[in-house]
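Following the hints, position chain B against chain A.
2 protein chains.
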Amino acid sequence: MTDHLVLFMPSGKRGRFPSGTPILDAARQLGVYIESVCGGRGICGRCQIDTQFGQFAKHGITSTQENISEFGAKEIRYAEKRDLKAGRRLSCSALIMGDLVVDIPQDNIINAQVVRKDADTRYIERNPAIQMCYVEVEEPDMHKPLGDIDRLLSALENDWDISSIVIDTHILAQAQSILRKGKWAVTAAIHHDKATQSAHLIALYPGLKNEAYGIACDIGSTTIALHLSSLLSGSTLASSGTSNPQIRFGEDLMSRVSYVMMNPEGREAMTEAVREALNTLIQNVCDQSGIDRNDILDSVFVGNPVMHHLFLGIDPTELGGAPFALAVSGAVNVKASEIGINLNQGARTYMLPCIAGHVGADAAAATLTEGPHRQDDMMLMIDVGTNAEIVLGNQTRTVAASSPTGPAFEGAETSCGQRAAPGAIERIRIDPETLEPRYRIIGTELWSDEDGFEEAASETGITGICGSGIIEIIAEMYLSGIISEDGVINGDLAARSDRIFSDGRTFSYLIKDGEPKIVVTQNDVRAIQLAKAALYAGIKLLMDKQNITSVDKIGLAGAFGSFIDPKYAMVLGLVPDCDIEHVKAVGNAAGTGARMALLNRNHRREIEQAVQNIEKIETALEPDFQGHFVNAMAFPNKVDPFPKLGTIVKLPERSDPAISENTSEGATPRRRGGRRRAR
Amino acid sequence: MTDHLVLFMPSGKRGRFPSGTPILDAARQLGVYIESVCGGRGICGRCQIDTQFGQFAKHGITSTQENISEFGAKEIRYAEKRDLKAGRRLSCSALIMGDLVVDIPQDNIINAQVVRKDADTRYIERNPAIQMCYVEVEEPDMHKPLGDIDRLLSALENDWDISSIVIDTHILAQAQSILRKGKWAVTAAIHHDKATQSAHLIALYPGLKNEAYGIACDIGSTTIALHLSSLLSGSTLASSGTSNPQIRFGEDLMSRVSYVMMNPEGREAMTEAVREALNTLIQNVCDQSGIDRNDILDSVFVGNPVMHHLFLGIDPTELGGAPFALAVSGAVNVKASEIGINLNQGARTYMLPCIAGHVGADAAAATLTEGPHRQDDMMLMIDVGTNAEIVLGNQTRTVAASSPTGPAFEGAETSCGQRAAPGAIERIRIDPETLEPRYRIIGTELWSDEDGFEEAASETGITGICGSGIIEIIAEMYLSGIISEDGVINGDLAARSDRIFSDGRTFSYLIKDGEPKIVVTQNDVRAIQLAKAALYAGIKLLMDKQNITSVDKIGLAGAFGSFIDPKYAMVLGLVPDCDIEHVKAVGNAAGTGARMALLNRNHRREIEQAVQNIEKIETALEPDFQGHFVNAMAFPNKVDPFPKLGTIVKLPERSDPAISENTSEGATPRRRGGRRRAR
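Just so you know, the sequences run in chain order A and B.
Just so you know, we're using the numbering used here here: the first sequence kicks off at 17 and counts up by one.
Just so you know, we're using the numbering used here here: the second sequence kicks off at 17 and counts up by one.
Hints are computed from structural coordinates only; laboratory data are not their basis.
Each hint should be verified, as a subset may be incorrect.
One copy or any two copies: either way a pair holds, since identical chains are not told apart in the list.
Unchecked claim - List time: in silico DSS-like cross-link candidates among lysine-lysine, alpha-carbon distance up to 30 Å:
1. LYS351 <-> LYS225
2. LYS351 <-> LYS197
3. LYS561 <-> LYS600
4. LYS101 <-> LYS29
5. LYS160 <-> LYS561
Small disclaimer: the values here were computed from a predicted structure and weren't measured.
Next up, chain A with everything else stripped away, as it sits in the complex (with noise of 0.2 Å):
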C-alpha cells in the first residue's frame, strides 16, 4: 500500500497518506484547520470539504472521483437529517483512497471583508481560542465514584487529547443538571490559553452544540465599532457602531485624561459610560442577528492606550505625562464578567498587547493586518488622531512612534472646522486661473457648481469644513498657487479676486460668503501646517532608523485614510516620498486585527511577538525631531512626484456601513456615523 499525495486547498498544504485516512486527520497532521465540533462522529457537519477533480500536472496529482471514498453511513445519515450540498463531503467520514485536491469550502474560511486580495493573497486560517467539543460522558456508577465533571474531564482527555482542564467555578453547580438534561451527551467549550498553556471549561451544553460566536470591538476615543462573529464558521453575522459616550467627559485623550485627574469619580464614570456602550452594541448586534448573548464566548478588544485603560478600568493618569508609563503593555485575558461586559457568563476577553504608552492596542492591531512584520517591503502605516500613530518596517526590523499632531486633522483649531457632519465641506476643487472653489458637502453627491445642488445643500446648510476637507482646500490652495510654499496666503492675488481678502496683517480665502461665512485664515493654514510637520517629523525619524529615504508602501489607517485622496496627502507632504499607486487607504485595519485576533489564537501569540521585537522610538527624547518638524513646516516641490494629480481618485461612500463603522481612531467622520447610528 502506497501513500497518496493530498493537497488541500487554499492554502496549498500537502502531505502523503496511506490509504483510508479519514481526510479530516490528513488535515489536522498538516496543521490545515477544519473544524469538528462533534469529534468525527458525523453529526456537526461543521467539517465539510469539497473535492476538485481532475489533472493538476503542477503538483503532480491526478485527482478522481475513486480516490476518495464512497458516502459512509455517517454521510449518508447526515445527508438525510440535513442539507449536505452537491459534492461536499464530511471530511470525518471521507477517507484518502489515493491523490487527492481538496477544497476547504469558503464559507469555512474568514470572510472576505477580512481576506484583502493583495499581491500577496492571504487567506487566514481559523484557529480560535475556544473550541466546542462534543462528548458523551460514562454514566455514574457505584463501583468507580468518580464525580460527573471527572468523569466529563476524563472523555475530554480520551476524545480530545485535552488535559488539565481548569473549570470555571460557575460550572460546578451547573454541570450536573447539563449533563442529565443531554443524556451523558454534552458539548464543552474550552477556551485554549496559549500564554499558560492552561485550557478552561468555560460553558457546557447538553447534545451538541454546533455554534459559538465571538465579539471583536475596536473603542475608538471617539467611535466604537463592534462585530459579532461566528467562531466555528468565521463569518461575521453583524456590526454595529456608536459614539464613545465618553466624549461628554472630554473631546480628546488628554482632555478625558484630565477629566481623570481632576475628579476623584472620573476614571469610574468613563469607564462605566464606554462599558455601557459596549453592552449596549452587543444587544444590538444579537438583535440584527437574532444570536442568544449567552453564545458568546469569546470578545477581543483594541483601543488607543487611553482607551485601553479606561476600558479595564486603569486609571489613566500615567499617560498623561512623560514618562507616559502605561500599566500593562502586554495583552491582557480576562473573563469579561470581570469587566462588566454581559456575554456568556464564562465567556473570555483579550487585549492584544499596546505597543507603547501612545501606541496602543489599535496599532498593534492594524499592525497585526498589515503585518509590515510579515513583509520584504518596507511598508509605512499610519493611523492620525490627536497622535499620530506611526509603524514603519518589514520583516527584518519594525519601528514604531508616536507624533504629536494635536486636533487640527480632526477638524478642531482651524476657524471654520467641524466634526464631520452633514453640511461640512469634504471636498474641493481650485481653479488655478479664477481661483473659484467648487466643493461637495456631506450628505449630497452634487458639486458645489452642479444643478440641484443649492437644493440639496438647503436641507443641512453648509456649515463649515470637516477635517479631511481642510486637508483638501488647503493642498488646493497650494496647487493653485493662493499659498506659497512656505504657507503664506499670497496677498497680491487679492487684486486678481475678492476671495483673498485682507485679514489685518494676514490674508484670508473665502470659500463661502453669507452665514456662516466660511474662509480659511493664515491661521488655519499654520494650523495644518504644524500638524503636518509633526506627522512628517516622526515619520522621518522612524525613516532615519530605519537609514531608507523613501518607502514600498504606505497604508493610511482608520477614518483619516479612508476619506482623504492619498495625492492630497502627497500634495501636502504629510507622507514621504512612495510610488502613488502604493499609497492605500487600510480601513479599519485595527478593528480587522481585532476579528484576526478572534478567529485564530495563533495570530494572537504572533502579534504578542511582533510587539516585542518593534523598536519604539520616543519622539519627544530625540534630537533630530525638531529639525525634522522645523523642515516639515513647508509644503514639498508641487510638480515632482506627482504625475497623477490631475485626476479625481475616488474616496468610498460615507454612508458605506462598512467604513463608517470601521473607523479606528482618528478623524470626525466617525462622530457623524456614531450619530446616525445612535438614533
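This is chain B only, laid out in the frame that chain A set:
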C-alpha cells in the same frame, strides 16, 4: 577547594556544597524549605536558621563555628534594626565554610498540634501554595515603554525564576499606585497552582510585606471549625467554631438533601447560611489575632460530600439516592470571592478531593493526616456520623467505604438520647454484683456517687444520655451481664434488682428515677446493635478486600473518636481485633489535614494522588454486606481479647477547645460546643 557536607535538621536531608555557598541556596538545592520573602536581600529575616556545633560521628560531620562565615553586612544591618536571637543566622547571608549541621528553627515548622509525636514522628515541611516575593522593579523608561506590570513580571522572572505569571484582573487597576507607593519596591503574592503548572499574581503590596495568612476549615454537618495560620511561619494564630446554621433546615445530612428536593430555594438558602457562618468565623479569628482579613490569601475547606456541595453552591440532590453521583470528586480550586468568602480580593480556595458519594473531603483530609497510604502498618480509620466513613489500608493498597450507621451514635433514635449538652450522661460504670450504676454528666467532673454531685448536677439537671454515653452504657450493661451476647436484656435479673423492670414484652434498665426518668430499653439496645453492626459490616467488608482478619492500628476520628473510650468500642465490637494500645483517638484529623494542605501544596498533590488510588467499595452493592451485618449484631466474647478492661481510660476534657472546636463529622459534643461559642 573541596565540597563540605551539610546536614539539615530536622529533615535529615544532606548534601555537599562548595565553600562560600549561602546556606539558603544549599537548602533550596536539597528541597529543604526555608521561607524567604526578600529573595536574599537580608531584610525580611524569614530565612533564619540555627547551627549545631560538635562532633556528629554518626553523620561523619564535625560542625564548628569556623565552618560558617562570620556575620555579614546584611546580618549586621538586620540585627541592628530587628531582633535576631542569639545563635540565629540569616541563611541568605551565612556561607558554608566547612562541614555544618543546620537547624531549621521549630517556629519555622508547622506547629506542634500538627506534628504528632507518633512512633514515626514526622516533620511537615511547609511549602504553601502562596509565595510572597519581594522585588525591586525597574522604573518606567521612555526608551523601553514596557508597562509597569510587565516590568514587575520581568523582575519576578529574574529574581524568583517564576515565568508565565497570570495576573488577576483586579491587580491591573491597582498596580501602578502600589508600585509608586512602594517606590518601585513591592511584594507580590504568587499563587502556584501546581495542577495546571501556572502561577498567578493574586495580591500586590507596596514595599516588603513580611506576612500572609491562610485559613483551614472543616465544615461538619453539625459544627464548623476554622483556624487561622501564618503561611510564613506555619503557626496557628486563632481558632473559632460554631454550629452549622444549616441545622435549622435539617438535623442530619439526608434531611438537608430532602429539604433541597422539596424547596426550590432550599439549596441557595443553605449555601448562604454556611457561607455567612464562615464569614463570621473569619471575622472572629481576625478579631482574636488582630489580623486584617485582607491579609488572608489562601483557604482550604473540607467537609463531607453534602457539605462540600452546599458550600460550593452545588445542588446535593444527586447525593440523596443511588448512584450517589458527586458533581465533582477531584480537588476544587476557585477564588474565594467566587464562592462568597470574604478574604483578600485575590485569595484562593482549595477543597480536597472527595473519595466517593458518601466519603468526602473530610475523610480525604483525615487520610492525609493519618497517612495509611504512607505506612507499612495496616491502618483502619473510622469517622462516625449518620454515615460512617471508613478507610483501611497501607502504602500497598487502600480501600474505603461508608456504612449507614444512622443517627443512634449521635444520640438520636434512643429513648433518652440527647445532644451532648450539660446534663447529659457521658460516662457510666455498672456494678456487676448490685447492678447499681454510677455515672458522670457533662458539666461536672464528679461521679454520681461522689460528694457534691447533686449540688453540681442541680444546675443543669440530669437530662438524658449523649451519644458517647449510650455506647458506654450498652457496653457496661453487657459487661455486667444485664444484656446477653445477642443483646437481650435479661428479665431474670428483675428478681435481683429493681433497676431491671418489665415494660410489657421486654425489659428495661433504670439508670435514674425521677424527672426525667432515664432508662435503657430493649429498643435502645437494638438501635445501638443495628448501628454498630452496620459499622462493623462495613469494616469487615474492607478487611475482606484486604484479605486480613486483624489490623495493626485503628484511628477513631472526630468527636466520636475523642469521647468514647476505645475499650468500650472493642467491648461492643465496633472495631475489629487490634492491640488496644494501637487504638487511638486521632482528634480532628480532617481539620488537621486541611491545615496540612494549607501549609504545603505538596500535600495537595499527595492526597489527590492517594484518593485516585483508593479503591472505593459501595457497601450496598456488596453481596457479603448483609451477612456481615447480621453476624455483627451480637456482642463479641467479652473476656478474650481485652486484658485491660478494668482500667479507666482518661478521656479529654470536653472543655478543651482543641477538641470541642476541632470536632469533625459525627457526634453530639460539637453541638454543645457550638452553642457555647455561639453565645
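Evaluated hints:
In this assembly of identical chains, LYS351 and LYS225 lie within 30 Å of each other by CA distance both inside one copy and across copies; the values are 21 Å within and 28 Å between. In this assembly of identical chains, LYS351 and LYS197 lie within 30 Å of each other by CA distance both inside one copy and across copies; the values are 27 Å within and 28 Å between. Taking the shortest alpha-carbon separations for LYS561 and LYS600, only the intra-copy value of 23 Å comes in at or below 30 Å, while the best inter-copy value is 79 Å. Within a single copy, LYS101 and LYS29 get their C-alpha atoms as close as 24 Å, which meets the 30 Å cut-off; across copies the closest is 70 Å, which misses it.
In this homomeric assembly, LYS160 and LYS561 come within 30 Å of each other (Cα to Cα) only across copies, at 16 Å, whereas the closest approach inside a single copy is 67 Å.
The earlier numbered hints are all upheld by this structure, with none contradicted.
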